[in-house]
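Spelled out from the first residue to the last, the chains are:
There are 2 protein chains.
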Amino acid sequence: MAQYFSRRNLDFLLYEVHHATELTKYPYFEAHDRETFGMVLDSATQIADTIMYPHYRDVDRNQPELKEGKVTVHPQIKAFLRAVGEGGLIGAGFPFEQGGQQLPELIGSCVSFIMMAANNGMMYIGLTSGAANLIASFGSSVLIDTYVANLLNGTWQGTMALTEPQAGSSLSDITTSAEPRADGSYSIKGQKVFISAGDHDAVDNVVHLMLARIKGAPKGTKGISLFVVPKYRLTDEGTLEQNDVTSTGIYHKLGQRGTPAMHLTMGENDDCRGWLLGEPNRGLNYMFQMMNEARIGVGMTGAAIASAAYYASLEYAKERPQSRRLNEKNLLDSPQTMIIHHPDVKRMLLFQKAVVEGSLSLLMESARLSDLVRVTEGEEKENNELLLELLTPVAKTFPTEMGVRSVSEGLQVLGGYGFTEDFALEQMYRDIRITPIYEGTTGIQAQDLLGRKMTIKGGKAPQLLFAEINKTLAAATTYETLKPYADKLSRELRRLHEVTQSLLPFAAEGDYERYLMDATLYMELFGIVTVAWQWLKQGVAAQNALLTRNPAGEEAAFYESKLHTMKFYFHYEVPKTLGLATRLQDTEVLTIANDQTVLL
Amino acid sequence: MAQYFSRRNLDFLLYEVHHATELTKYPYFEAHDRETFGMVLDSATQIADTIMYPHYRDVDRNQPELKEGKVTVHPQIKAFLRAVGEGGLIGAGFPFEQGGQQLPELIGSCVSFIMMAANNGMMYIGLTSGAANLIASFGSSVLIDTYVANLLNGTWQGTMALTEPQAGSSLSDITTSAEPRADGSYSIKGQKVFISAGDHDAVDNVVHLMLARIKGAPKGTKGISLFVVPKYRLTDEGTLEQNDVTSTGIYHKLGQRGTPAMHLTMGENDDCRGWLLGEPNRGLNYMFQMMNEARIGVGMTGAAIASAAYYASLEYAKERPQSRRLNEKNLLDSPQTMIIHHPDVKRMLLFQKAVVEGSLSLLMESARLSDLVRVTEGEEKENNELLLELLTPVAKTFPTEMGVRSVSEGLQVLGGYGFTEDFALEQMYRDIRITPIYEGTTGIQAQDLLGRKMTIKGGKAPQLLFAEINKTLAAATTYETLKPYADKLSRELRRLHEVTQSLLPFAAEGDYERYLMDATLYMELFGIVTVAWQWLKQGVAAQNALLTRNPAGEEAAFYESKLHTMKFYFHYEVPKTLGLATRLQDTEVLTIANDQTVLL
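Chains R and Z are the protein sequences, given in the same order.
To convert a position in the first sequence, counted from 1, into this note's numbering, add 101.
To convert a position in the second sequence, counted from 1, into this note's numbering, add 101.
It is possible that part of the hints are untrue.
Any copy, or any two copies together, can satisfy a pair, since identical chains are not distinguished.
[To be verified] Taking lysine-lysine and the PhoX-like style, the derived pairs with C-alpha atoms no more than 20 Å apart in a straight line are:
1) K126 <-> K316
2) K323 <-> K430
3) K430 <-> K320
4) K561 <-> K482
Honestly, the hints are just simulated from the structure, not real lab data.
With the rest of the complex left out, here is chain R:
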């Protein structure tokens, strides 16, 4: 079987960079140690190797279909859901008392990474665990008893049902309505689109975590409530009956074809019931818990597909002879060289590796922060929360936007073969393209970063981030070999700070349109710097291991490769900030205007 991720790299990031075992010092995680973490990763790898990876292509080739109101998915999906359900992987992060394993999200994020790298078409369980988590967090004991266990054992599917035909990025405009009924439930009416895993035959029930507006609620986001709307509702006798949720359409997609994206209609026969989760009109606040989880999950999907693409390209480049090295062009009698020896190919591969491992490290940083939010208190907890909030849009965007580019470079490594269905790259190229769109497009994430996260609490979040980065800079400066890179990153931090300062006056004046005009470029700049930090962090760990442990053979090569890729990132990717900063400080306004004539 071809490689699609590196366990050695996961272990490096877990234990040498992000110090996963430190989490076990907190009482909540004290049942765990490196051994239990390893067992979970082994179990995920086992399922990924046997049930997921072998079906990567045929899940794509046999996409879900909607016929006579029924959605049929690839039979392997059911096997997969049973395996992860029985293996306890859906609810691994849940508390023991809810049937979970109290596993850190840091480990859970690695489980997602492994599985999405093996077969991202099986994008089902993040939605289920997110939905279960929302119910567990805000639901009544009746709701919890009814839903959580069935979700976590993989027999029921969870979804997030936000988007409506007229309200995609603009949740304030959703119109799905909820009217109170005498029995305490609500009568739901409306339509939702793009509901991933929104209906399928691999489970016995589908449980939608749905945003709707209670009749008479305030306009805008302050009038949105969150409901549990199952496909089948429980009768008083404990049996399941139809809940008037109809699959009215299925989207055929460019990629990620293993998971159906549904158009759902609720209440066609005035018989769709929903159960309010938490308080009325606070639905969007609750939903943000799931959305933030999902954003990091989508970032992880980007990193995972990019990982699978990297190893596929690397394998090809090591085995494909073509041409001679540039200084040996005239040696026609010599055999052709493997293309990995061509600098241009090596550049593309190093780019892929730098994106994959830099993204993964950033995502693990975020996952670790969410663990710390859970186990810390007071100001410490608040700081962890702020930092996580700041990093979430970045951890969603960098791995997906750069993932798209890295998979494209991976396809390019294969030349004409990369464009054919004989190799997996073309599918990865299709699959990953949704990730900068899912759960808030890059533009939305960028507005969240610059428009909200940079300014909340008087700009405390970036201060916290800079403090964290300064810790890494201090550590790096103790190594002669890393000092030049620490200096580079310091310069980048100053540049980022200057750019931010040049923009903030627009926000202060209330001119948000001007302030956020180039937020997407700001996000790109911010992402490059943040991942440079993650690479320096990896550099410190690698340099430290080389000096203190004196490894040999493959182990030494692993650490040398880390340092090499860190250097690559600094020399090839970081300079892109120059152009971005120039544009962001440029005073020419070209994208704000009422008239459309500029686009004739």
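Start from chain R and add chain Z according to the hints.
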């Protein structure tokens, strides 16, 4: 019908920027004027509108299949080939005496643009005209009489048959063999892969322009000859008989599915005959004529798909309401705004437009040079040739690499809908991805640019280019509004020159591996500057029209839009040179090494 290109823009580029009518002063083109040019473009548009565009999606959905040795393509392909054959469009650029219209390539390139924007899956006729042109240029009168007319009327298909399984980018390694026969023809044996339009049922014969090695020929590229190898050969009685060319495989591809890519086997039964074109061992020289045409043709395909994507995104953005403007977020009672009013969306659209119209202008510059090569003599001709040779890899690469990115931004404009098959963007995203691979990957083009074109004849080609750019700078400087942009471009030229100077010593030392290590980044830098020149040229023409013709209404808006997009290109795209130049002048070598450990 949705718009897929702008005739107004084509006319602007043809007559106001590239002065197409000036060509008609040369005797070879004297039969033409703006009216005949317009008729040809009308005729192409008519075919594109009625026969091509309406089948864009179903040609993709019903891809060619190989069954029992026969390749079936979509029935519309035959209608298309008949129409362009009868309309004289395949051979429009051929001399009158060969049945052509002696039309400038500048106009021919616009015909390709229109057709590839309408339906790039019908990528057949550029291959046919290229093959016919090779035969007309280097063939005996017998070969010309046998093939040219049937190719130009669309009943026979031409191909370029270069690539072999073991020789893609490395043509010196091709092994298809040719053994002289008593009758003057050659016995051909070997395999070719990725032969576009290499076999199909919409024509009566397929004529391969094939590279092969005559037994005993020198090794490497100096032993390659060019043959005409038809699927069916003419008997002495004038009938067609099988020529032992077998379709052994068909590639299923990510995109451009309308055109089959074939794996062909020649001489399985020792009965495949080829006819030598020109002299033995000079085949690659001849083939470069077709390859250079094809490279510009692929660049044009990139620009054309990007054009279709731009208009599709623009239409969506004008009609899709979502959210409110950023300074009106709280006006929940107001209707949602069209997304074109969001700066981030407008930025993406302006990026698309800047790529499409900048690429198209560069391609037309190249086409005009090929016309001048034909009609000029002596030093003038030589200079035109040198400049065309320099621009060819750039005109192939910028429109394709940036085209891929611009179509991706176009898909992003549609959000989730862009990822579905309900809109055409997902197909365009798939279709365009081959263009940075076809006819020499971006890496190969970059090596051609830096490794060959920058240094031939003592570096005369870039001198000629800089002289041309200086003419535009001089013209721009006469307008107060354009002077800042002329200054920007001057600075970019100096930067490009400095970068080049910093690299040339490696070539002088014979260290080509180091010299070309980052050639792809050099290409990116070179492309940005070259297209900045094309945008300034368009700016000069637009500013001139605004000042001298005092246009109103839509005409004024057209020119204002040109100036606006020029500004966008300079403010958003040109700053990318900063990072590229920094990397290219950086002394750290990270992609040259014998060991593979850096990629663990």
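For each hint, the structure was consulted:
no. : hint          : result
1   : K126 <-> K316 : neither (48 Å within a copy, 75 Å between copies)
2   : K323 <-> K430 : between (68 Å within a copy, 13 Å between copies)
3   : K430 <-> K320 : between (70 Å within a copy, 12 Å between copies)
4   : K561 <-> K482 : within (14 Å within a copy, 65 Å between copies)
Comparing the model with each numbered hint stated earlier shows that hint 1 is the single one that does not hold.
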